[in-house]
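**Q** Each chain, letter by letter, is given below.
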Amino acid sequence: MFDRYRGRPDAVRALVQDDRVHRDLYLSEELFALEREQFFAATWNYLGHASQVPNAGDYLTQDIAGRPLVMVRQPDGGLKVLYNRCAHKGTQLVSDPCGNTGKFFRCPYHAWTYRLDGAPLALPLKAGYGGTQLRQCESGRGMVTLANVVVYRDFVFVRLSEAGPSFEDYFGDVLQAIDNLVDRSPEGRLVVAGGAMRNIIHCNWKMYLENINDTVHPMSTHESATQAANQLWAGHGPDDPKPMAMEQILPFGAGYDFFDRMGGRVLANGHSVLGVNFSIHSNYAQVPEYEAAMTAAHGVERAADILQRSPQNAVLFPSLAAKGSPQAIRVIRPLAADRTLVEAWAFRPAGAPDLLFERSLTYNRLVFSPMSIVAHDDVALFESMQQGLRADGNEWISLHRDHRAGEADTPVQTVNGTNEILMRNQFRAWAHFMTQGMEAVA
Amino acid sequence: MTDGLFTEDVLSRFVEDEAALLDDGRYDEWLDLFAADGHYWVPLLGARQADPHTHNSIAYEDRLLLQLRIERLKNPRAHSQHPPSQGQHVLQRPRVVSVDPEAGVAVLRTPFLYVEARGERELLLTGRYRHTLVREAGVLRLQQKRVDLLQPERPLPAIQLFI
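Chains as they are written, first to last, in numbering that gives the first Met the number 0: chain A, 0 to 441; chain B, 0 to 162.
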């Protein structure tokens, strides 16, 4: 049954109601195929970080929505993103996740070569192409370059489709989340370090993304981890210095009131910031030498402003979630309707003490590793929901909490931290970008 | 001084018994095998990783964190353990890499297969262990159990127990 939604924008829009969404959003392989064609092509998706390709010829391969891409550092210091496909027969020009290709790309199959910007350089038996139409053909033009690539403070985003909103119009104020991450370096520069945690989760990508904006689950979902932590830490006073792991795990057990008061903000196009007032990351021990370096770099007021902002999560819809402190990002890379790859990366802020990097590594290890102490219960429940939604009798998922009629008319608003508007906002953006370029079948 | 702790047979038996405790779910006894400053380490780069501080790890845990993990597994609200996971280790014979009875330190290398099953799913992991054993109060203790997985950087599903 592969024709329920293709060419039917009204049917797609009907899946997202004001205060609930239909289960097909999570289950339908047809919708997943349409997401790849339409939704992920029209939105801006995170590819990688410029610090991963420091020198000319350095490259990073990445699949985005089924398209094999390669980001490569140019001789002039710029970055280009190309389709990782030989113009001749389609061989992937590089097959390692990252590396250095030298001064040009050389296809391992027939030795066609390309400059680092994808332009054709040479091919064997050149005389054999005289008098043919190769030059006029796509195959004669070299590797295909992505036109829409933006490097924002070293974070590299791409839009696959020719048409769609500009980078600035698309992200708007949520870019402050990246500013906050980068400004936490006294030198204004981050370096990706420590490798990526890569998790395969058998659930729909939107379910994972929703959970990043969900503050009501920690008390019940993470009860096993927080009870064990509390039990081990019992007997210590509230101000006793905690091992870093305890400092990071114990706040997961905060109550509903804490999460409600932390506040949230929705922005146009599905973006959001959770924890605009404070978060579970707000009370990590202070580091005087770091604060001194930040003050020297940014001035007292600005340094304080940067450091006191530590949202729970900022979602750069649909592929990136950022934590200012402990300087970690998660990248959501959908693989199928019921399979999602989630990568977690850590940063080393240039000019900051090693302790900050250690916090980033420790957090990722405790929370985002395949052997996480905290996430096992999340993952088990996502997989449970993915199965449970197949149950007949109720085709809808409730997003009613704190819903107010007409709320969608205000694209930017600040709300209580347990408000499901952060999720409703994601689904409204999903419906918009799914259908905006969709031709209705007559 | 030879107290018989550092013979190949005794050292190998330690590694085999250690895996058996995990397979039997006797985690408190397993934790007792660790020295006071002992660590359990699954490097993200596998055998290529030099240390746990400059690169991340899938797990790098001291006794406090291991105990946290074990207490969590006992908690009835550990949702991921309904149904519970079960693990099975299959070991090749441990090889003694180095032994220094005077200093009271021995290192063993043991190729393994590990299967973790839960519900209808089974996860197969393979690699090699590097056990660093020390003499503590007349018995052998684990200073470090290092788990070098084959392809640890690839996308992995949840690993619930101890590899």
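Do not rely on the hints blindly, as some may be mistaken.
To be verified - Simulated restraints, written as ranges between beta carbons of each label pair:
1. Ser219/A with Gln85/B: 18 to 28 Å
2. Asp239/A with Val104/B: 45 to 55 Å
3. Thr144/A with Arg120/B: 35 to 45 Å
4. Asp178/A with Asp31/B: 43 to 53 Å
5. Gly98/A with Gln91/B: 29 to 39 Å
6. Asp50/B with Asp256/A: 39 to 49 Å
What the hints assert, rightly or not - Now the stretches of chain A that chain B is said to cover, found in silico as 3 or more residues with beta-carbon under 8 Å:
7. 231-245
8. 368-382
Hint data in this document are derived by calculation from the structure and do not stem from the laboratory.
Glycine included, C-beta positions come from ideal geometry on N, C-alpha and C.
**Q** Verify this for me: three or more residues of the segment 231-245 of chain A with a beta carbon less than 8 Å from a beta carbon of chain B.
**A** holds (count 4)
**Q** Quick one: are aspartate 239/A and valine 104/B within 45 to 55 Å, going by C-beta?
**A** 34 Å, violated
**Q** For the segment 368-382 of chain A, do at least 3 residues have a Cβ located nearer than 8 Å to some Cβ of chain B?
**A** As far as the segment 368-382 of chain A goes, the hint holds, because 11 residues have Cβ atoms under 8 Å from chain B.
**Q** Cβ-Cβ distance between aspartate 178/A and aspartate 31/B: within 43 to 53 Å?
**A** Cβ of aspartate 178/A to Cβ of aspartate 31/B: about 49 Å, so the range 43 to 53 Å holds.
**Q** Do the beta carbons of serine 219/A and glutamine 85/B sit within 18 to 28 Å of each other?
**A** 26 Å, holds
**Q** Between threonine 144/A and arginine 120/B, does the beta-carbon spacing fit 35 to 45 Å?
**A** 42 Å, holds
**Q** Is 39 to 49 Å a correct range for the gap between the Cβ atoms of aspartate 50/B and aspartate 256/A?
**A** Holds, at about 42 Å.
**Q** Confirm or reject the claim that glycine 98/A and glutamine 91/B have a C-beta distance inside 29 to 39 Å.
**A** 33 Å, holds
Checked against the numbered hints above, the structure breaks only hint 2 and satisfies the rest.
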